[in-house]
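Enquirer: Sequence:
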Amino acid sequence: MLGRAGALSAARWRGGAGTGIGIDLRAALRSGGNLLFALFVAAVLAFTLLAAVHSPDDPLLHPSSHQLTAFLTSATSNSTFLADDSVLRTGEDFAAAIGANSSDAAAAAEATVVAEAVPFIKLEDVATTKEESSGAGAEQAVTVDTDASSDAGAAAATEENPIVEAVSCDTEAPVDCTGDKDLFNLLMRTAIEKFSDLHFYRFGRPVSVPGSPMECDLAWRFRPAEDTNGRTTYYKDYRRFTLTRDVNTCNLVVGNVGEYHSGMGAKRSGRRKGKKGKKGKREAPVTDFVPAKTQMRLDENAANADTTAASEPELVVGEAVNDNLPVVESESEFSRRKYLIYMGGGERCKSMNHYVWGFLCALGEAQYLNRTLVMDLNVCLNSRYTSSGKDEERDFRLYFDFEHLKQSASVIDQSQFWTDWGKWHKKDRLKNHYTEDIKVTPMQLRDVKDTLIMRKFGNVEPDNYWSRVCEGETEAVIKRPWYLLWKSRRLMEIVSAISSRMDWDFDSVHVVRGEKAQNKQLWPNLDRDTSPDSLLTTLNDKVGAGRHLYIATNEPDKSFFDPMKGKYRTHFLDDFKDLWDENSEWYTETKELSNGNAVEFDGYMRVAVDTEVFLRGKRKLETFSDLTRDCKNGVNTCTASS
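Residue 479 in UniProt numbering sits at position 479 of the sequence shown; the count goes up by one each step and never skips.
Keep in mind that the hints are not guaranteed to be accurate.
[Unchecked claim] In silico DSSO-like cross-links for lysine-lysine, where the CA-CA straight-line distance does not exceed 27 Å:
{"no.": "1", "residue 1": "K406", "residue 2": "K520"}
{"no.": "2", "residue 1": "K591", "residue 2": "K565"}
{"no.": "3", "residue 1": "K338", "residue 2": "K427"}
{"no.": "4", "residue 1": "K520", "residue 2": "K558"}
{"no.": "5", "residue 1": "K456", "residue 2": "K479"}
{"no.": "6", "residue 1": "K406", "residue 2": "K338"}
In short, the hints are calculated from the structure, not lab data.
All chains, full assembly: derive it from the sequences and hints.
Expert: Given below as structure tokens:
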């Protein structure tokens, strides 16, 4: 019995111990689970907190086709395939938008450093006459006829406060525009003081005016002081200075400064040396002048600059345009190159936005394949832009900066290409690769060795759009090179002239009326909100009385805005018709470009110039964000950001 009882007790003891261990294990598992769940909850809370306070980089800083599509279909530029009269944003606009939309403080600081990399010329940088004459070896530019050999003259020269005596002076003596250093300083100081809203970056040497002994022409490069567009755009102006001499001191005084581009003698041609179409160097700007203090800052910035970074091309509005067609120099060079050409397609006679969207796809594919793009410079302008109401053939160079394009990318005119191809392709056994299917991707063409790749597009829309090549999987590979496409400098020259006539000190308002103002169902408030009385009320606390006010509008009857003239100095695009009439530089140059045929200042050009002038206003007011509560595209279409 004792043995049996002892065995039973031992068994109970072992069972009790096993039960206790099981209970402890389950408790540990529960504790571990609770701990892991607590960690998970903490991680979720931390992630939520980071997501709430994190400010991501602007996606436009890392552009892809999706983001560019959103960019183009923003409030100021509608979708490529919609009927739209807005102006396509080109390369300089895209770069500006990136800077404007960036919320990164470091990026903003970097942008400030870049903006100041080229210091402008300040008034204190330009020496006065007194500073020049006191310098070692300084030339006496303006001489005064005094009797220095007399005792009285010597005594006067040694006195601490000499008595000013009347001097003998020939007030009609011709001025030395090119050799008088003091005169040069006087002209520069006068320009800087007169145009206080501009920053000057370079002055050309003054030029004498034939037949006018008291006049000099002076050129300079400048930018608006309050340039909010973020563009690396410079402007060139050249004006005529009328001089007089003070009868008491014989010092030269500027009596008058001419209007914009009045100093034609200082306009440099800017043509390149060499054969027609050949890329060459511009003549060295030996007449350009940068003050010593400014040059010191330039040298210091150059020493600290990142030499590995690619330099951004400069857009200088006002320089002579050299958009001659590029020419292949020799047979061997032509045969050595590889080419890409797009044939046919649905881009013809569509909106300009549609055309450029497809053209940039072709240019992007050519760059990806490392080939020269064979491009047709004949653009079919849609009837909505022409006065005839019909589609018309126009030159690509009338709308875009071809000089910048041919310098930055490898392109050749289609007519020139086929001429050279006809001469040499049989002799040199040049082959071409032909494809009609847009499904053949650029990646599949990467290994093609033939001299010419021809993409043939059919007649069925939308499958014959050039832009279809850059869709699908290609979208991640082909990047549209927006930076290669700038607006025509001839059009930008008109923008610069209009802004200069308002002294670059003006505000602007965009007033949409026309059919939208008449459609009360989609835009019930637009007609009332854009009436002169409503505009005066809206602008009252935004634009000061007496200011230059540029009105960009589609209202055909400009007398509609007459009530605003009592408070503002109003300006419209048609007020500056002389800039494109038969006596203008634009008319002469575009006629020469079009083989002697007169060029119409068409609807697209008007909208482009109107928009660009509007964007240069110091204060800019838009219709659907500042003037009315209506939505741009009609009732109930406003986005959260608008």
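Enquirer: Please go over all the hints and tell whether each is borne out by the structure.
Expert: Hints versus structure:
This hinted pair does not check out: K406 and K520 have alpha carbons roughly 48 Å apart, beyond 27 Å. Taking the CA atoms of K591 and K565, the gap is about 36 Å. The hint is violated against a cut of 27 Å. Pair hint K338 plus K427 holds up; C-alpha atoms about 17 Å apart against a cutoff of 27 Å. Note on K520 and K558: the hinted pairing holds, with a Cα-Cα distance of about 22 Å set against a maximum of 27 Å.
For the proposed pair K456 and K479, the alpha carbon gap of about 21 Å is at most 27 Å, so the pair holds. Proximity of K406 to K338 is assessed by CA-CA distance (about 16 Å); at most 27 Å being required, the pair is judged to hold.
Violation of the numbered hints given earlier is confined to hints 1 and 2; the remaining hints are satisfied by the structure.
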